[in-house]
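Q: Residues per chain are reported as follows:
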Amino acid sequence: MSRAMFHARFSGAQRLLHWTMAAGIVAMLFIGVAMLSTVAPAYVPLVATHKTLGVALFALVLVRLILRLTLGAPPLPADLPPLMRLGAVLSHWALYGLMIVMPLLGWAMLSAAAYPVVLFGNVRLPPILPQSDSLHTLLWAAHRWLAFAFFALILLHVAAALFHALVRRDGVFEAMSPLPAKPTAER
Amino acid sequence: MSRSSSRSPLVPLAVIALVAGGSAAAFAYTAGWLSPERLTPARLVAALAPPGGPALGHRRNHAKGICFTGEFQSNGNGVALSKAKVFTAGAWPVLGRFNLATPNPNAADATVRVRGMGLQITTPDGDVWRSAMIDAPVFAVSTPQAFYDLLESAPKGPEAMKAFIGRHPEFMAFAGWAGSAPWTSSYAEDPFNSLNSFLFTDAAGTTRAVRWSLRPAATPVPITPEELTKKGPNYLEQEIAQRVAGAPQRWTMTVTVAEPGDNTADPTKAWPQGRRTIEVGTLVVNKVIAEPDGPCRDINFDPTILPRGVSVSDDPFPAARSSAYARSYDLRTSEAKDYPRTSAARSAKP
Ligand code: HEM
Ligand code: HEM
Ligand code: HEM
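Protein chains in written order, with our numbering: chain X, 1 to 187; chain Y, 1 to 350.
Pulled out of the complex, with its shape left as it was, chain Y reads as follows:
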């Protein structure tokens, strides 16, 4: 065909414009730029911020915390459930973080109902297992969407919360725990639960849905929030630092196996009593380090960072949490100048 033919270049140029414009539109749509109502990790994290805005340089939730190191002493029993190296008998190094479920790093201890633990266990085969657990026996909501709804409703007052509970009656199990469970005056006396379900795969290839818990060796001594208030706003961090300096603190790790029909996709549903539960080892915390210079500060305890032999289940939370924790990590590390690293610099502040 000759270029001297009378065909106008307008048609091909229109085709080119259409291809380029269509591709750009598809890209923008995929990125969510054309759908402001889409629940993105950025929106979920933004919703966590208190009215005055987020505390720059800090975690967007569970912002108040203190680092620890220690080891996980595996007794070998977990091999029956997962081929992960961490369950073979041995002692593996641990890095962790005790924390309070608040976006405010300066919140007074007695104002925060939920306490958490970030935990990383590393094995010599190069596997890393991270998790972030809380002391509540069930989670507050069934889905990440509902968590967003909760974050949006809570600041709007009792009427909005009533409407929220109407939409999410499952919240009452958590509310019941929050209203009635005794408080303690030590992280060492609190249990920490995965709440989310994960899949354990053993060496033979059998896969089972499980949840795990860390049960404190120390006996819980109940205390009222009023009494805790009197001990001071940062009592928990002072107490755990002193306590661990005196003697290592321990938690027994248990793994509970779901039976067919147990709800693995909804962390508001506790599984019935009597499920097969295996003690797989002991977490020993033997050093506590302040966060500004501590080794947990720049770690993201993303619950989808798992060793071989452990994977995510049909529980929608770990994926949503991974996306949100990464966003929080991206933001806080880019604001590091707002959270000076040396303890001296920090204690100089009021």
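Next up, chain X with everything else stripped away, as it sits in the complex:
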């Protein structure tokens, strides 16, 4: 008998947010490095997409955080080794932290460079910092290096999710699975 059937799942809203945001964040990382690697006309729409999607994801993560704090998360399997448990908890909060901090860094970095922050649809955001060479340099470095750390953490997270799904088969993946519940699929 599998333990999966006893494992509670994240709410539908949480799962929907997880997977739309997962696609969005991965897109952000790829667009970010793609735009800085090209001088082609695509540079302009790529940057506009990066800013717009980044700010949209910022709004979504706030909703997601509220859901997480009110609805909570299903418990991790009881037999999960303590080190993996700690890794899961810490990495999930690190992912939340990065989802919140990265868009703020992007917005602040543009502000510190005195660039108008213009999104698609001509949405204009106010500056959140005054122009400053030193702040811009700090934020530029932070946005860049945290982006790479974010990508590395996501690789680890995906590897762990697949490890749960394919090796441990302990229901952790099913808890976040985008598919509707399969109450009788598991015997």
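Be careful, since some hints might not be right.
Residues of chain X placed beyond 12 Å of chain Y at every Cβ, according to the derived structure [said to hold, decoys possible]:
| id | residue |
| --- | --- |
| 1 | R9 |
| 2 | W19 |
| 3 | A73 |
| 4 | I128 |
| 5 | A181 |
Coverage of chain X stretches by chain Y, computed from C-beta distances (three or more under 8 Å per stretch; other residues unrestricted) [unchecked claim]:
| id | region |
| --- | --- |
| 6 | 55-67 |
| 7 | 86-100 |
| 8 | 105-115 |
| 9 | 162-172 |
Not everything, but these chain Y residues come out facing chain X in the computed CB check (under 8 Å) [claimed, not checked]:
| id | residue |
| --- | --- |
| 10 | P12 |
| 11 | L39 |
| 12 | T40 |
| 13 | W271 |
| 14 | T333 |
These are computed hints drawn from the structure, not numbers from a lab.
Every residue, glycine too, gets a C-beta built ideally from N, C-alpha and C.
Put chain Y with the ligands on the given structure of chain X with help from the hints.
A: Frame of chain X, contents of chain Y with the ligands only:
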């Protein structure tokens, strides 16, 4: 399914390794780390550096310059072409920068053929319009790739330049201007041209390709580079500061509309004479401020920062310039300690 089944975990582990490794490889490929031949903004900017390396803290091109402030007095005629607030009748604050097209902030004026102007016009609706224009009537090359080719070829001597011109015969239009156009001894006597094409969209939604120019009110007085040399290496900045202190200096802004068939994607191709040209207002420069403490210093005159009613066209340059200017800005602001801010600190240097 039970975990006690005899299936080896090797297959799933291989799948996991493949997913993670494949994602990392795709990321590295997208970033260009696996394709050193890709023309990135970083490579384009690096190619601008003189043999001794870039001047830290300064713009990677058009490094020598001086700030100004003033206003753009719009006469309202531009409303026929663009819904941007800046074209409605009124006066809007301006920040700008006169500059020389050289990566060397200490270059002598007479050694630099091309002069430029960075311009920012701000309107109360929150729109910001930035542009960076030069005095040449056409640009040197048709594509950003060709600009990179030029930067790579020029330092290699006449043979390399001959080969470059073989690959890019369009360069001759610019070379013709550079060799024959008279020099002046004042920024106030120079025109400044967008060269790149942009799209103007009017209130009815009609979009037209345009280029714009600033035409000096002052009459140009021709001077030879030799005569300019005699006036001193920094004459242009001294002259414009004095001249503006004496009286505001003006340029008329004109917008020229392309006709079907005009080449909007290639800034080496001037459009035929007689195209519809509208005078949209006057740039008035009434204050000149040295760059180290000036308000233009930490501004990136990125030509893709545009108001509503103006957008990029099929001209490939504004995008390439935006990417390169951002790179230059990132670098120079991170080197601010190499370019001390107070005028006192600067004039103390030789
Ligand atoms: C989840 C959110 C975000 C992620 C994961 C992300 C990721 C990235 C990445 C990977 C890069 C390329 C770094 C490099 O190769 O040096 C980048 C650059 C950049 N991002 Fe973001 N970003 C996010 C949000 C934002 C937002 C909201 C803005 C602006 C409103 C923004 C503005 C920028 C800018 C301007 C750059 C170019 C920096 C430069 O000049 O080098 N980002 N971002
Ligand atoms: C790409 C960006 C991603 C981000 C930012 C992200 C973020 C997160 C976060 C913060 C949690 C914790 C949820 C909570 O406790 O509220 C989580 C859980 C989870 N994620 Fe992701 N995720 C991403 C991609 C993925 C992918 C691609 C997969 C699958 C291959 C995946 C599978 C899972 C699973 C199975 C859980 C549930 C863990 C549990 O039961 O506590 N995630 N994710
Ligand atoms: C792909 C071609 C080009 C490249 C790579 C390039 C590169 C640069 C760079 C790196 C800067 C310094 C930006 C900063 O740090 O703020 C600059 C400034 C400037 N460029 Fe270009 N440029 C290109 C094409 C053009 C064209 C076509 C024009 C004129 C129509 C032009 C006019 C100017 C002017 C006037 C400035 C000075 C702006 C200021 O005062 O800040 N450039 N260019």
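Q: Have a go at the P12(Y) hint: is there a Cβ in chain X nearer than 8 Å to its own Cβ?
A: Nearest chain X Cβ about 4 Å off; hint holds.
Q: Taking the closest pair, is the beta carbon of W19(X) still more than 12 Å from chain Y?
A: 16 Å, holds
Q: Cut-off 8 Å, C-beta pairs, minimum 3 residues; does the coverage of the region 105-115 of chain X by chain Y stand?
A: holds (count 3)
Q: Could you let me know if the closest chain Y CB is still more than 12 Å away from the CB of R9(X)?
A: 19 Å, holds
Q: Hint check: is the beta carbon of T333(Y) less than 8 Å from a beta carbon of chain X?
A: 4 Å, holds
Q: With a Cβ-Cβ cutoff of 8 Å, does the region 86-100 of chain X contain at least three residues near chain Y?
A: violated (count 0)
Q: Is the Cβ of I128(X) more than 12 Å away from each Cβ in chain Y?
A: Nearest chain Y Cβ is 15 Å from I128(X), so the label holds.
Q: With a cut-off of 8 Å, does the beta carbon of L39(Y) approach a beta carbon of chain X closely enough for the hint to hold?
A: 6 Å, holds
Q: Looking at A181(X) again, its CB stays over 12 Å from all of chain Y?
A: 18 Å, holds
Q: For A73(X), which was marked as not at the interface, is the minimum beta-carbon distance to chain Y over 12 Å?
A: Check passes; 23 Å lies beyond 12 Å.
Q: Within the region 162-172 of chain X, is the number of residues with a Cβ closer than 8 Å to a Cβ of chain Y three or more?
A: holds (count 6)
Q: Taking the least C-beta to C-beta distance, is W271(Y) closer than 8 Å to chain X?
A: Hint violated; W271(Y) Cβ to chain X Cβ min 21 Å, cut 8 Å.
Checked against the numbered hints above, the structure breaks hints 6, 7 and 13 and satisfies the rest.
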